[in-house]
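Peer 1: Order-wise, the sequence lines are chains V and C. Going by this note's numbering, the first residue of the first sequence is number 1, and it counts up by one from there. Going by this note's numbering, the first residue of the second sequence is number 1, and it counts up by one from there.
Just so you have them, the derived chain V footprint on chain C, three or more residues with Cβ under 8 Å:
| hint | segment |
| --- | --- |
| 1 | 30-41 |
| 2 | 88-99 |
| 3 | 152-162 |
| 4 | 396-405 |
No more than 30 Å apart at the CA atoms, straight line, and that leaves these computed lysine-lysine pairs for DSS-like:
| hint | chain 1 | residue 1 | chain 2 | residue 2 |
| --- | --- | --- | --- | --- |
| 5 | V | K93 | C | K10 |
| 6 | C | K6 | C | K315 |
| 7 | V | K172 | V | K292 |
| 8 | V | K318 | V | K450 |
| 9 | C | K315 | C | K10 |
| 10 | V | K93 | C | K26 |
| 11 | C | K331 | C | K433 |
| 12 | C | K305 | C | K315 |
| 13 | C | K231 | C | K161 |
| 14 | C | K114 | V | K406 |
| 15 | V | K406 | V | K367 |
| 16 | C | K306 | C | K426 |
| 17 | C | K291 | C | K278 |
| 18 | C | K114 | V | K390 |
| 19 | C | K112 | C | K139 |
| 20 | C | K426 | C | K412 |
| 21 | V | K406 | C | K112 |
| 22 | V | K406 | V | K450 |
| 23 | C | K112 | V | K390 |
| 24 | V | K93 | C | K161 |
| 25 | C | K441 | C | K315 |
| 26 | C | K305 | C | K288 |
| 27 | V | K288 | V | K174 |
| 28 | C | K288 | C | K426 |
| 29 | C | K291 | C | K231 |
| 30 | C | K161 | C | K139 |
| 31 | C | K6 | V | K93 |
| 32 | V | K131 | C | K6 |
| 33 | C | K173 | C | K114 |
| 34 | V | K406 | C | K412 |
Derived CB-CB ranges, DEER-like:
| hint | chain 1 | residue 1 | chain 2 | residue 2 | range |
| --- | --- | --- | --- | --- | --- |
| 35 | V | V447 | C | K412 | 26 to 32 Å |
| 36 | C | K331 | V | N452 | 43 to 49 Å |
| 37 | V | K406 | C | A430 | 31 to 37 Å |
| 38 | V | G345 | C | P435 | 42 to 48 Å |
| 39 | C | R308 | V | R426 | 34 to 40 Å |
| 40 | V | I272 | C | K114 | 53 to 59 Å |
Honestly, the hints are just simulated from the structure, not real lab data. Computed from a prediction, not measured in an experiment: that's the story for all the values here. Heads up, the beta-carbon is just placed ideally off N, CA and C, and yes, glycines get one too.
This is what each chain is made of:
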Amino acid sequence: MIAPNTCPETCAPGTCAAERGHVVNSCKLCAPLGASLAYKGVKGCVPLVHGSQGCATYIRRYLISHFREPVDIASSNFSESSAVFGGLDNFHKAIDNIASQYSPELVGVASTCLSETIGDDLPMFVSEHRKARPDGPCLVCASTPSYHGTHMDGFHAVVKALVAALAAPGPKGKHVNIFPGFVSPADLRHLKDLLASFELPYVMVPDYSETLDGPNWDTYHRVPEGGVSLDALRLTGSALASIEFGSIPHCGLKGGVSAAEFLEQSFGVEAIRLPMPIGIDNTDALMKLLAKLSGASVPDAHRRERGRLVDAYVDSHKYLQGKRAAVFGDEDMVAALSDFLSEVGVEPILCASGGESGALEAAVSPKCPGALVLQGADHDAIDRACERLKPDLLVGSSRGYQCSRKLGIPLIRMGFPVHDRLGAQRIRHLGYTGAQELLDRVANALVEHKQNASPVGYKYI
Amino acid sequence: MATFLKEREKQVMTKGSDDHEIVCSKASLAGSVSQRACVFCGSRVVLYPIADAVHLVHGPIGCAAYTWDIRGSLSSGPELNRLSFSTDLREKDVIFGGEPKLHQTLLDLIAKYKPAAAFVYSTCIVGIIGDDVEAVCAKVTAETGVTVLAVQAEGFRGSKKDGYAAACGALAKLIGTRERKTSPHSINILGDFNLAGELWTLSEYYRRIGVEIVAKLTGDGRVDDIRSAHKAALNVVQCSGSMTHLAKHMRDKYGIPFLRVSYFGIEDMSAALYDTAKHFHSEEMMLKARKLVNDELSHLLPELKKYREALQGKKAAIYVGGAFKTISLIKALRVIGVKTVVAGSQTGDQDDYRLIRQLCDDGTVIVDDSNPVELSTFVRDLGVDVFIGGVKERPIAHKLGVGFCDHNHERKESLAGYEGMLNFAKEIYATIKSPVWRFTKSSGGLP
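Working from the sequences, and respecting the hints, build out all of it.
Peer 2: What follows is the structure in structure tokens.
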């Protein structure tokens, strides 16, 4: 069996993975996965991973297992000679073959560790292809080598690349840009409803609410319906403001600026950053902002949702007060989930992420001053911290399952990936109603745990 | 089929209306959404089930993260293979070289986990930045006394099949390094990965006919058993695509003959046992094999009857990795009354496709290295009722309102041997007979 996990004394808490250099059971994925995901949120887009065949195939398998939808991602299928002589020929062929099979509006290209290491110049490839095929699909590319950052950096790099390539100047409109970050398709649909309820026109980037959680089909859709259109992306340059969710800087790779910051610098579109709207405080902040931007008051329906949520907080508080949670996953999600848990009396004692922005500690400390924050963590470090801290529950992806099984505590599945339950694409996190669902799931998991642990067999609890 | 890729024309044929041989064993086209993976994937698939070894992926994080504990290979003891180790190469390693990190990582992991051996998989950029992985492995072997084997698995160096060859190369280095006594009727099992404990079922069959198993390559595999694999009298090879390299190597080096088998379906499972008995020229073994097959069939056939009656005339599409599986599945489906109308694989060769062509009826589409655009078209045009494939094929079937059976390495259901045949029939029946398809066929007539 596996040797017992003991933390060597040389490995201080908080720096485990970083200090030992290697990773045991990763808590991050590579940048091209996030890039492909963001491209899936553009209408008529086929992502192209410029590298070896395995990159696209592994990413497809990983995303399909979470969303349970077809996820077509093309690959430029590097061979030994492309690795030696460069991937330009494969790039041209790949775009032509995608165009003939899929008739896409956009091919979204993501680089890989391989293409970056051999020095393939994607922006140059793109401009050459445009010259050779003026009638071809629109092309956007992002630099996403997997030796740099995480899947979230790849995601944000593509969001930024999309607006940088397409945003156009124009007279200031009444619409807002919304950059929600990596949330579920159900979350995206909720955000759209929310914006519609304020009668606020919007451009949401990315929008995979339909492409990765669509209805059944009569015929196979080579490119699924839905996504933000190229015309809408052009409008991001003339928006009233940009709303970017997340407490962690979305500078993409190599210290750039986020999509919202880019639009502010290039087009004077005000950039407004909010924490992911999970829990009451964070959602209140969003409601106030939407009211301000739209000039309308918060619709009554939302006030009632909020009221029901407060009522539910009260109903459940005795089950939750004083419980201790370990939260892990993508940094923005960890920060916002920790905010939510601390609102309902659950103390986040461990906040961990594979991300290495360096900003997680500052993001969680205001509400969770006592939490151990692990940045650049792997699941080996998270598991050992949990063995030491003995939380009552785990909140995060399916990758925490083995820890939950070992410690005999519930895992409430949120974020990504959820590969061992149905409905990952419909997990709600955002807004008052999202918090309502999270609250019920957390509280019920603890009630069930108590019920199962009791020898009495209460059916009334 | 106008929008299929023109260069792939010869990789698809319809039996009865096309005459050409299937063109196969070639690289996928740039820009195709191939269902194949890469060299790294091929090597990882073969070696992953060796449960008492450290499997270290040398490269940036992706390759290790996507292959952490995703396969259904079970171990009866250690489970070191379920941990995902990566050197997590960063930009500075790419610039200055990853050798120091690899060296230190191996020393740390060997000290901590005390593995029986370690495999180091090179991923794409390792070859490009020029790390001498062989040298580091040799150094660590000398320093620690634990065998560390390099697996050249850079993704771009060919296809998944080349990854199989790289894995077989690493296994070949282990074989022959430990002596032990074996019976004259001893075998190695090659190419079964103990998905859902299938190899345990097979081991029990072999035990019942008086055959000793020396090494399992690689399902529920152990390093020491593999070291002694050269002492077996026969290699029994399933999954010929992945393991034939090794079988040929052992034949040439140690004079061990090999038999090709498949454990899927009644016909192939029984042939595997009979062929083994025939090989050993043992009357006694043949009698035991006949008795085993009769015993098993006397339970199985009455059970299958109900499924055959219910499934008669249904149509299946098969698209899996290895062509040996396609071949077995065509036969297994026939036993339960299901006709194969699409038969394909990621990595089949000419012989495989010729055999598939022989087995199938006119009108069946035979395809090599297919993609979602093609597969979805076949499913729709040929009126398929059930698709047999892996995770990447599932949403194609489900979105089009067609049943699905997972026959890939992630599965958790045993589908090998006689009990596997029954499980297979049950699964095909369950998916085809589900009442949900009624709703996918119409929009409900809503006003």
